[in-house]
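Please model the entire structure based on the sequences and the hints provided.
Per our numbering, the very first residue in the sequence shown carries number 1470; after that it's consecutive.
Treat the hints as calculated values from the structure; they're not laboratory data.
Beta carbons: idealized from backbone N, C-alpha and C, even for Gly.
There could be a bad hint or two in this list.
Stated by the list, open to error - The calculated label-pair distances, taken between Cβ atoms and stated as ranges, are: (1) 1520 / 1542: 28 to 36 Å; (2) 1535 / 1514: 29 to 37 Å; (3) 1480 / 1529: 18 to 26 Å.
Stated by the list, open to error - Cross-link-like lysine to any residue pairs, in silico, SDA-like; alpha carbons within 25 Å at most: (4) 1556 / 1530; (5) 1556 / 1498; (6) 1564 / 1549; (7) 1556 / 1483; (8) 1564 / 1501; (9) 1556 / 1476; (10) 1564 / 1578; (11) 1564 / 1514; (12) 1564 / 1544; (13) 1556 / 1579; (14) 1556 / 1502; (15) 1564 / 1576; (16) 1556 / 1545; (17) 1556 / 1526; (18) 1564 / 1524; (19) 1564 / 1515; (20) 1564 / 1537; (21) 1556 / 1538; (22) 1556 / 1567; (23) 1556 / 1511; (24) 1556 / 1513; (25) 1564 / 1487.
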Amino acid sequence: EPMTNFELRHGEAVAIGVAIDTVYASLVHGFPVDDAQRVLHCLTNLGLNLDHPALADTTALFNGLEEFRQHLGGRLTLTMLQRIGEKIDVHEVDKSQMLNAIGHVRDFACGRTNNIPVTE
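In structure tokens:
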């Protein structure tokens, strides 16, 4: 929200975060691709926009993660999906894969792709 000068409401920002974290979990932590696609379609079918120009400023996004880590007292802990109904706590972020996840969500939101890339 603050990154957008509060153009996005809290729920809209949360939806974008859920979308990015879902794709990231699929790319890095084995969350099933089919389920990740269902999540993205569900969010958009609810009328939520999953893109905002602020997502282009990835430096600010990663700085925000660093601020969050400091807020937590030094150890980053992000909750990610492993399966529907199953979570894992993640303590490190692969920046390259996070950039891939952000790019995919933006492409999905703009209609440039309908599929999440499958990793080997």
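Given hint residue 1576 paired with residue 1564 - CA-CA distance at most 25 Å: holds (18 Å)
Given a hint of 18 to 26 Å, does the C-beta separation of residue 1480 and residue 1529 actually sit inside it? holds (21 Å)
Within a Cα-Cα threshold of 25 Å, do residue 1556 and residue 1513 meet the stated pairing? Given pair residue 1556, residue 1513 holds - Cα atoms ~23 Å apart, limit 25 Å.
Cβ-Cβ distance between residue 1535 and residue 1514: within 29 to 37 Å? holds (34 Å)
Residue 1556 paired with residue 1545 [C-alpha distance capped at 25 Å]: holds (16 Å)
Given hint residue 1498 paired with residue 1556 - CA-CA distance at most 25 Å: holds (10 Å)
Given the hint that residue 1556 pairs with residue 1538, test it: the Cα-Cα distance must not exceed 25 Å. Holds, at roughly 19 Å.
Holds or violated: residue 1556 and residue 1502, Cα atoms, limit 25 Å. holds (16 Å)
Holds or violated: residue 1556 with residue 1526, Cα cutoff 25 Å? Distance ~28 Å between residue 1556 and residue 1526 Cα, so the pair is violated.
Taken at face value, is the distance from the CA of residue 1537 to the CA of residue 1564 at most 25 Å? holds (15 Å)
Would you mind confirming whether the straight-line C-alpha gap from residue 1564 to residue 1524 stays at or under 25 Å? holds (14 Å)
Measure nothing beyond the straight line between the CA atoms of residue 1556 and residue 1483; if it is 25 Å or shorter, mark the hint as holding. Holds: residue 1556 and residue 1483 sit about 17 Å apart, inside 25 Å.
The structure is inconsistent with the numbered hints 9, 11, 13, 17, 19, although it conforms to all the rest.
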